[in-house]
Amino acid sequence: MGENALLVRLSFAEGQDSHAQLNETERYTRLLLARATGAYLREARPDLTPRLIVGYDSVLFSFDPIQDSQKQLQSWLLELGSSPEFVNYLTNYLAESETGIKRLHRVPVVYGGEYGPDLAEVAQLKNLSVEEVIRLHSSATYSVYLVGFSAGYGYMGALPAALDLPRRSSPRLKVPRGTVALAAGMTGVYPLDMPGGWRLIGYTPLSVFEAEVDPPVRFLPGDRVQYYPITAAEIPCFESVARDLSSSLEQHNG
Amino acid sequence: MAEQRVQVIEAGIFTALQDMGRTSGQPYGVPPGGALDRAAHRAANQLVGNKATAATLEITLQGPSLLFENNALVSLTGTNFRAFVDGRAMPEWVSLFVRAGQLLEIKGGGGRLGYLAIHGGWDAQVIMGSRATYTRAKLSGYKGEGRALRVEDILTIATDYLEPLRQLPEGAGKFYPEKQKPKYGAEVTVRVVPGPHTENFSAEANQYFYNTPYKLSEQSDRMGYRFQGAALSYRRPDLAEIAACGTIFGTIQVPPDGQPIILMADHQLTGGYPIIGVVLSDDLPLVAQLLPGQKLRFVENSPSSKNA
Numbered sequence: 005m006g007e008n009a010l011l012v013r014l015s016f017a018e019g020q021d022s023h024a025q026l027n028e029t030e031r032y033t034r035l036l037l038a039r040a041t042g043a044y045l046r047e048a049r050p051d052l053t054p055r056l057i058v059g060y061d062s063v064l065f066s067f068d069p070i071q072d073s074q075k076q077l078q079s080w081l082l083e084l085g086s087s088p089e090f091v092n093y094l095t096n097y098l099a100e101s102e103t104g105i106k107r108l109h110r111v112p113v114v115y116g117g118e119y120g121p122d123l124a125e126v127a128q129l130k131n132l133s134v135e136e137v138i139r140l141h142s143s144a145t146y147s148v149y150l151v152g153f154s155a156g157y158g159y160m161g162a163l164p165a166a167l168d169l170p171r172r173s174s175p176r177l178k179v180p181r182g183t184v185a186l187a188a189g190m191t192g193v194y195p196l197d198m199p200g201g202w203r204l205i206g207y208t209p210l211s212v213f214e215a216e217v218d219p220p221v222r223f224l225p226g227d228r229v230q231y232y233p234i235t236a237a238e239i240p241c242f243e244s245v246a247r248d249l250s251s252s253l254e255q256h257n258g
Numbered sequence: 035m036a037e038q039r040v041q042v043i044e045a046g047i048f049t050a051l052q053d054m055g056r057t058s059g060q061p062y063g064v065p066p067g068g069a070l071d072r073a074a075h076r077a078a079n080q081l082v083g084n085k086a087t088a089a090t091l092e093i094t095l096q097g098p099s100l101l102f103e104n105n106a107l108v109s110l111t112g113t114n115f116r117a118f119v120d121g122r123a124m125p126e127w128v129s130l131f132v133r134a135g136q137l138l139e140i141k142g143g144g145g146r147l148g149y150l151a152i153h154g155g156w157d158a159q160v161i162m163g164s165r166a167t168y169t170r171a172k173l174s175g176y177k178g179e180g181r182a183l184r185v186e187d188i189l190t191i192a193t194d195y196l197e198p199l200r201q202l203p204e205g206a207g208k209f210y211p212e213k214q215k216p217k218y219g220a221e222v223t224v225r226v227v228p229g230p231h232t233e234n235f236s237a238e239a240n241q242y243f244y245n246t247p248y249k250l251s252e253q254s255d256r257m258g259y260r261f262q263g264a265a266l267s268y269r270r271p272d273l274a275e276i277a278a279c280g281t282i283f284g285t286i287q288v289p290p291d292g293q294p295i296i297l298m299a300d301h302q303l304t305g306g307y308p309i310i311g312v313v314l315s316d317d318l319p320l321v322a323q324l325l326p327g328q329k330l331r332f333v334e335n336s337p338s339s340k341n342a
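Protein sequence lines, in the order shown, are assigned to chains A and L. According to our numbering, the first sequence is numbered sequentially starting from 5. According to our numbering, the second sequence is numbered sequentially starting from 35.
The set of hints was computed from the structure by calculation and includes no laboratory data. Take the hints with a grain of salt, since some may be wrong.
As the list claims (entries may be wrong) - If you want the footprint, here are the derived chain A segments under chain L, 3+ residues with CB under 8 Å:
no., region
1, 9-18
2, 22-30
3, 56-63
4, 84-90
5, 154-160
6, 219-225
Claimed, not checked - Lysine to aspartate or glutamate pairs mimicking EDC-like chemistry, simulated, CA-CA at most 16 Å apart:
no., chain 1, residue 1, chain 2, residue 2
7, L, LYS177, A, GLU7
8, L, LYS172, A, GLU214
9, A, LYS75, A, GLU7
10, L, LYS172, A, ASP168
11, L, LYS85, L, GLU197
12, L, LYS249, L, GLU221
13, A, LYS130, A, ASP168
14, A, LYS178, A, GLU216
15, L, LYS177, L, ASP187
16, L, LYS141, L, ASP120
17, L, LYS172, A, ASP197
18, L, LYS213, L, ASP316
Positions of the beta carbon are idealized from the N, C-alpha and C atoms, including for glycine.
Next up, chain L with everything else stripped away, as it sits in the complex (with noise of 0.2 Å):
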């Protein structure tokens, strides 16, 4: 059979292959990286009888557009976008089957990411266990190069389905359970297990964390959201720092400026600075989706209410 090809007619602003992340590589300090949103990724793959770990595309805020030379089956998750095939608007959380010739333009449509599914996966050069797209040490992701997708590139078609789908049509029209996708929002609330450092914040910070709104700042990315609301000080001003301690995705470090950020998939894999807290995973794709302005409200988890 002859390699299926994804032609890139438009790039988006910021579209670029991700999966679960690195298995590996942590140690060196390579961060984990991956999808943001971890349960619209698995959705779209789901969609399309992929495994979790098939790539899909990463769509920032708006694009690309895609000619697809080779029949398909996609799927499109995530917050809104405004999503056509041959100017025939196409839902989302839907697998769909997609003509060789047939053009697929994502447009914005007031959400942050989208996540674009292929049956087979995204292909990539796999490293340290992962195609996610590390743009600051230029790893895998598309051509290896380590970067977003630009106009004419090519994109090609992994073999990571479950099982392959012989009649492409038949695994289209399914819909993706209402029930189970993330409770998107523009004032969310999201479960923290208490961090290792609480005690080296005032009472009046543990007050106002779990009390007051936060708000997404402008200077957001991959590696970390940062908020803005009430300032979370310290106990004493030597807690300001503590000794370099390993991070997760999710973890929520607080600088001396008192507001804090949340670490997100290609975070640094240690940091100095007090963890007041850790946002629980199921939680990560509402912060995720968050556009600047918007809102979160902490509320506290206790670590034995989960995991039994």
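Excised from the complex, chain A in its bound form (with noise of 0.2 Å):
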């Protein structure tokens, strides 16, 4: 992609040509592939990491010019797709993804009213009562997808079917930090004030993103989340807490 960079696609099945052929499985399965791709280049060229990002279905790495020419990195690239020890890490790697140990954030949040200004239309869009909305979304555990867009935003999913709803037709100019939202089959919380077209069902007063932490975010791909309800008369003391990005995590299997 460009001339200093390489992006590393899936290739699709037979008879197939877009994502949207995908079922949820095909695509879940397709997004541990990649990112068990950028793990093995991650560990096999460390020099590259900084500058790897890993998508739903590919891996984007740019390198520099002086050091690595296109031609190797490309060939490097074609003989890995075939090799053994490629394919028996990726083997690994998902079987691992399946019973590994995963760090598991909850993630308290103030459903509805000014804090998520979209959640009386969710329910209204998905026939249900916001209090369904409520228990459906605070039930399911998530696993963060990919962290891109911005700053810490991670994409969650899977969002259980009966929430599913596209992207607003117009996005909104600004969304406030914390603010937890769904959109096509995900979810997922806002770090930064930023502009953004999903809809917005709640706040937290966690923190995801602070830049002089190492990792800078909370949520990293794999982890799981499970969001819960608190009040907002609740936010003031989460919010002492809200700049240690550790602090509502705990180890869990499975």
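Grab the two chains, each in its own frame, and use the hints to assemble them into the complex.
Below is the structure:
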């Protein structure tokens, strides 16, 4: 991609040529494969790590044309695709992703009202009560698919099918940081004040991006996330610990 | 030696510290950021004996006015500005000695972005390997506040020179070679490496993209420049959305309205719109300096022609 970057893409199965044709399981498997490929490349070439971006079904990395030639990198990647070592690595990675220990984040959310201006509309569009939307959203355990779009934005899924809605037809110019939103089969937390087209259902006082903490983000790909309802009166006590990105972490199996 | 200081007398429209961008942070969704016109930024640094990674002041449309408390070696590059030192016109793309007590005023002259370098580079908090101002996350930049300059700010100087100059005036009067300057203009042609999703577009789209001009829209910022022209359609409606895919500075995305967007320094790191191509990095300065209404044409560049 361009002259100083390479995009490694998963090919589609015979007869398929678009993301839209895939079901949720197929998409998730492709995501894990992309993540595994990213992990392999990070181990094989640690120097490329800071410039490597794992997508939903691809891995993008920039290289320094003084150190690496595009041709050599391309042939290395092509050979990799058929090497037994790489295939083994992917197989193990997929197996571990099912059984390995995951970080679990429990995220407190004030649902609705001024904190989640689209909650009532989401309920209405899905023929649910507001309480049912809250119960559905807060009873699922999500997996962090990707961290992208902007600093610390974790795309999490799968959203219960009963809550699935497309993005709003026109994005809002400013969504406040901490806003919990859903769209396109996923949910997530806006890490910063920014424009956004997702549907806003609540607010968490937990900070998800702190530039000076390492890592600077709360959610990392593969982490598990659960949401639970709190009241607006409880916001201040969470805000006192909100800057510590590790505060809500616990290890759990599966 | 006392700390060197420069006072901000007038801030300008949007004047912010920039450099070559963050070297880490991409895995966490933090954009690389940095100077929009990397060539002008690098040239400004080169003229005053700095490393390319030293911070310059990126000036948008007009301003600032700066009062120098100490002697300094400076340079201004980019597109047209009118700059004055104590009222005397200051040339661009030249290194210049400024005396303690002198006032440097930079006024609008029709250009979009200017870069003011100082020997040693402007100082600021380094986060993720960079001093680049990222306003959205309030990262780096002036006092680490991630914001544009304001009146009464005090700028300080770092030590990002190649070698310290004992006699600043000796570094003055250097001209940047005319041949090496980007060929800026109100109508530019930029080379494009076809992107990973060209097969998502209709045959007409590929035809229009390389054969018709696109005009810069007013809805353009450090994240992306939006263009208006012949709409680029997809081959099928379901090819409008791709699985979120990594992006780089120069990536050309096409959302469903068919109007291309070139992702700039503060771009989001993943995108869900098909990528029709990527602008060669050498040509990005030409894009960066366009003003709304100015025109651009894309020409295809095969990936093998560079990078042997």
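Open item on the list: Of all the hints numbered above, which does this structure not satisfy? Sort the numbers upward.
Closed with: Checked against the structure, the hints that fail are numbers 4, 7, 10 and 14, while the rest are satisfied.
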